[in-house]
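Let the hints inform the model, and build the full structure from the sequences given.
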Amino acid sequence: MSNELFDPATFRTALREWLDENDLTPPPGDQSLDAHQAQHLRVLKALYDADWMRYGWPESAGGLGGPDILRAIVGEEVVGRGLDHPGPYSMLDVLTPTMIDYARPELAAEMVPRLLSGQETWCQGFSEPGSGSDLASLTTRAVQDGDHWVVNGQKVWTSFAQYATRCVLLTRTGGPEVPNHQAITAFFVDLDSPGVTVRPLRTMHDVDEFCEVYFDDVVVPADRMLGRVGDGWKLAMDLLPYERSTCFWQRIAYLYARFDALVDEVKGQGAASDSELGEVYLALHTLRCRSRATQHRLAAGHKLGAETSIDKVLLAGAEQQLFDTVRDLLPGRIELTDDPWRTEFLYSRAATIYGGTAEVQRNIIARRLLDLGKE
Amino acid sequence: METLDAESLAMLEDTLRKTMLSKSGAELDAALAELGWAEMLSEMPDTAIPLVFRLLGETGSHASILNDVLLETIGGLPGGTPPMPYAGGGWVVWERTANAEPTLGGLPLRRVPEGETMRLGDTRRAAGWWLVGTARAMLNLARQHALDRVQFGRPIAQFQAIRHRLAETLVAIEGAEATLGLPGDESPDLTAMLAKAAAGKAALTAAKHCQQVLGGIGFTAEHELHVHVKRALVLDGLLGSSKELTRRAGAGLRARGSVPRLAYL
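So the protein sequences, as listed, match chains A and B.
My numbering puts the first sequence at residues 1 to 375.
My numbering puts the second sequence at residues 1 to 265.
Don't take each hint at face value.
DSBU-like, lysine-lysine: derived pairs with alpha carbons at most 30 angstroms apart [to be verified]:
1) B:208 - A:374
2) A:267 - B:243
3) B:243 - B:230
4) A:303 - A:374
If you want the ones that stay clear, here's a sample from chain A, every Cβ over 12 angstroms from chain B, calculated [stated by the list, open to error]:
5) 39
6) 178
7) 214
8) 333
It is worth saying that the hints were derived from the structure and are not from the lab.
For every residue, glycine included, the Cβ atom is placed at its ideal position computed from N, Cα and C.
Written as structure tokens, this is what we have:
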């Protein structure tokens, strides 16, 4: 049974049939973040219980095996059908591989099923008030004290920390003499530890998913270290290929679903909107083709690297173009009507900032892909 | 000849590149015929079309072989020059020998009063590969210039404004190549139309940024850039411009009321 499902086309067909028979549509009405979170956990539980959420993950971490591409297909169906939002869903694709690659095998085996089955939510404690684009300058410190470490510092832009039970946290363990890229160490921290304070930020789109997380003398057992001392930067870099493959694929599915909704709303407007619709389509199609090629390279065992900055530039551009076009073709809608288009338009402003700014991506492309030397 | 191993493919690419660098126009047509272009096109189009047309772009050479791709599709007689649509609702033929028409950049195109609507998928895909080859040629020229040209005491490649223009160009090219590489099993015509639109847009983006990075020298006929800029403009218009094809794709969405996904894992 399982081996048949390892074929992507067969898997997709079977998953679609299952989703058609098992209605997981969010209950209407409540658009609060709490409601989104409840729906997120509900969908994960149902998909995990029916095994879909376990494909594409290794058996050592409670999965059923099969290629990574199966995860991208689950993400595409879940997010493309509007069963879950791309933000919460994306945390799975980013944090699970990190745990599998860096946590002690027993820890990964214990924890990963809790995330995939919706028993728990985790967050990613990377950015700090003083360390955004220059992540390697982070200053949250971890100091060893016997068989544990003591953490002090502050994280920011930590998505969904208010719902999270654990955090994959980057800390500085090296002194000033250690180069940045060897001075960082990652931990898997329980957020109910004494000394952790989570404070959601108010955002311009009124969805308070980003948090500040404060660590005051937080004690973390040494066996919660991910990798070894100094592996933290490598962990952060290794996470990018996952963020930019399976994770992008489901975000693209979300953008197509929203574009479907736009086309449906404006199809009566006549030929005046054709060019703008076409431009959005071209941008989304280009992104989707590029991302498809990236998934296939990952599946073929290639190590993804700087070239995924191209995927990121295409994604951010297509997302903003889509929602700019929504505002152009539905005049007044975003300003005068309080509906999801407004929230989504506003959120799309962040697309060229989060996950590495548009400028940082272009710097990487210039340096690493075009070999233009240092600035 | 149906499949080639990597080594044979590299040798073929090398031979084609050398040939294109030394010959153009009718002479290149003759040389390509000798290299087995007709067999390549009929027996391994999925390899031959991307390779040969990308190299035409990269080398800045030209041949009349888009005709052959179209004739292959419509089952026309070898050697023919079927009218092809051009931007603005016009028609052109790509003549097999040099003509006196003042087509920008010297391609032997000639306006004709009318033509027949036909399936253009493969021909658009071929023109798309040509356009991305042209775009890569421009990017290479601008990149080298940025590394060599010193102003304010340093290579201009060190300035972020220059770097970002070149990065933007690479993004457009890589994106267009991805659309060209998509197997169009489900909707071959729409897939090819979008790929041609993406390729045309990438070439125009490259022309704009690379011309700017090259500054004054890129405006002279002594520098190679102008050949590629002109090629990009002419090939973008051939078989429908990026703008037109994009608008047509938009009209298709409106008629259908939803968005075809086209690419699947």
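Assertion that residue 333 of chain A lies outside the chain B interface [Cβ separation over 12 angstroms]: Given that every Cβ of chain B is farther than 12 angstroms from that of residue 333 of chain A, nearest at about 18 angstroms, it holds.
Agreement of residue 267 of chain A and residue 243 of chain B with the hint, judged by alpha carbon distance not exceeding 30 angstroms: Given pair residue 267 of chain A, residue 243 of chain B holds - Cα atoms ~20 angstroms apart, limit 30 angstroms.
Given as non-interface: residue 39 of chain A, partner chain B, CB spacing beyond 12 angstroms: holds, 24 angstroms
Holds or violated: residue 303 of chain A to residue 374 of chain A, with C-alpha atoms at most 30 angstroms apart: holds, 24 angstroms
Residue 208 of chain B paired with residue 374 of chain A [C-alpha distance capped at 30 angstroms]: Satisfied, since the Cα-Cα distance of roughly 24 angstroms is no more than 30 angstroms.
Claimed clearance of chain B by residue 178 of chain A, with the beta carbon kept past 12 angstroms: At about 29 angstroms from chain B, residue 178 of chain A clears the 12 angstroms cut-off, so the statement holds.
Pair hint residue 243 of chain B and residue 230 of chain B, alpha-carbon separation not exceeding 30 angstroms: Between residue 243 of chain B and residue 230 of chain B the Cα gap is close to 17 angstroms, so the pair holds against 30 angstroms.
Closest CB of chain B to the CB of residue 214 of chain A still more than 12 angstroms away: Non-interface label stands for residue 214 of chain A: nearest chain B Cβ at 35 angstroms, farther than 12 angstroms.
Hint compliance for this structure: every hint is met.
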